[in-house]
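Asker: Here's the letter readout for the chains.
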Amino acid sequence: MDRKLRLLISDDSKLLRKKLRAELEALGCEVIEAENGKEAILRDLQDEPDGVILDIVMPEVGGIEALQVIKEVSPEIPVVMLSSAGTPQKLMQTLKMGALDFIQKPYTSEQIKKAVDAIQKRVEKQHEAEKNE
Amino acid sequence: MKQKRMSSWYQVQALLNSGQCTLEEAQGFLTEIQSSEEQPSDSPDGEVHPVRQAVEHLAGPGLERETDLYCSYMELFLDAMAGFFQTPALILPESVMVDTLEALKKNHAVSQRMGGDVSIVTGVLAEDAEFLKLASRCSQEDLKRIDALAKDSIEELINVVNGHFIIQLAKRGIDVELETPRSGKNIVPHGDQQLALRVCTDSIIFYMLLATDDFL
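Taken in order, these protein sequences are the chains called C and X. In case it helps, the numbering used here puts the first sequence at residues 1 to 133. In case it helps, the numbering used here puts the second sequence at residues 1 to 216.
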């Protein structure tokens, strides 16, 4: 890719967004923020990010509903769940809905780097597939 | 007391439970533990966890049905404080009455409800200065006032612990969901089956609140 990876982060915590933005920018990503699921869906439509990092417990529209809509609108977009609510049930549900990975809070820098690498690989694979079409 | 070296906050909790150290001595031990490069020792096996002992002692009559859940929660909470937030903390062995909480004129509180097969609401309440210190410690940010970042910091503390708690409950076949955290100021909490615990770190004192319905 000849431009920065553009990632949408959706979490109702301003503090978490601030810290995650710093981590992602240090990894060379461009960051777009959303503070709930509703805004995440809008941002996904308007800004066309390369990937999404999505919390589950958020006001207005939660992460599960947002994941469902985002996957309907952009089936190929890689979405990584980043949440404290990582019960086996939620884990299975989100992976079945097409989430790429699930990171249990509190996250580590290594987990974020791994997620960014996975999103990057997925995006590059999609670009190659588009070229070959 | 100072000559004895503590390698784990569990040991200090046990000393507090048995009245063998004061608050100041306990905070001194926590400072030593935090500055030590030694790995904290594992949870005490084969004996009643000192946190459980403290909660059972303070819960008293009327909370028999909730005590086991509250004990499990506090064990996890204090483990998370030491592990995730590098801030070991202890339960002070003293009953917290409603008038104690009423006397905290300028306070901030954060709570989060977990609902489903059981209902449990947990929260942190502290006088403003202590709230700010705890928020700064947990976020590792130099926070100057109680603003959105400070409240987010305590909300994340509760949210992270509660997330791990619902996973623990799921392993026991108890299905609960997290709700979004709430915050408030200058409140006097009155929750059903409420238990308030006074908690200290090396330099911060706050109250943990546990109840079966919302208290904010």
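Hints in this document: simulated from the structure, not taken from any laboratory. As the structure is a prediction and not an experimental result, all values here were calculated from the model. Positions of the beta carbon are idealized from the N, C-alpha and C atoms, including for glycine. Some hints here could point you the wrong way.
Using C-beta positions, here's what the derived DEER-type ranges look like [what the hints assert, rightly or not]:
#1 Glu-72(C) <-> Asp-117(X): 26 to 36 Å
#2 Glu-141(X) <-> Leu-42(C): 27 to 37 Å
#3 Glu-30(C) <-> Asp-147(X): 19 to 29 Å
#4 Glu-128(C) <-> Glu-32(X): 55 to 65 Å
Asker: Now look at each hint and say whether the structure bears it out.
Answerer: Do the hints match the structure? See the list:
1. Glu-72(C) <-> Asp-117(X): 26 to 36 Å: Given about 31 Å between the Cβ atoms, the range holds.
2. Glu-141(X) <-> Leu-42(C): 27 to 37 Å: Between Glu-141(X) and Leu-42(C), where Cβ atoms are some 29 Å apart, the hint holds.
3. Glu-30(C) <-> Asp-147(X): 19 to 29 Å: Because 27 Å falls inside the window, the suggested range holds.
4. Glu-128(C) <-> Glu-32(X): 55 to 65 Å: holds (56 Å)
Violation of the numbered hints given earlier is absent; every hint is satisfied by the structure.
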